[in-house]
Amino acid sequence: MVRPGDQFQTSKTYTHEDVIQFGEMTGDLGKHHTELDDQGRLMVHGFLTASLATKLGGEFHFIGQEMTCTFIRPVYTGDTITCQMAVTKVESLEKYHRVHLFSRYINQHGEEVITGKSEGVVFKK
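Start counting the sequence shown at 1; every next residue gets the next number (UniProt numbering).
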């Protein structure tokens, strides 16, 4: 079981294929996601970037119930994003633990691109 102070981390470099597949899957085909900018990049969907946290939550069987994100700056194809997640609070209830998380997403230049908070449950065995 996770405890307050536990930390998790994962990274991903986004590709054109990632953006195109996510756009097709979600229907978000805005031209900023489908047309290259002057540097040959596509803007990565905010929720595609934020979804890095789901990999980390899956490691401890977290079932998300609420998530808030602040999108600070855009992410482009070729960017490597690191999601750092920290457990901030755990409440033990009868059938599950209510878990509170804080996530920080940082690009390869050390700049924050997203911050977020999540709440959810981890069922007791």
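Keep in mind the hints are simulated off the structure, nothing from the lab. There's no promise every hint is true.
What the hints assert, rightly or not - Restricting the straight-line Cα-Cα distance to at most 35 Å, the calculated cross-link-like pairs of lysine-lysine (DSBU-like) are:
hint	residue 1	residue 2
1	LYS124	LYS55
2	LYS31	LYS12
3	LYS31	LYS89
4	LYS12	LYS89
5	LYS89	LYS117
Which numbered hints does this structure break? As far as the earlier hints go, only 3 is violated by this structure.
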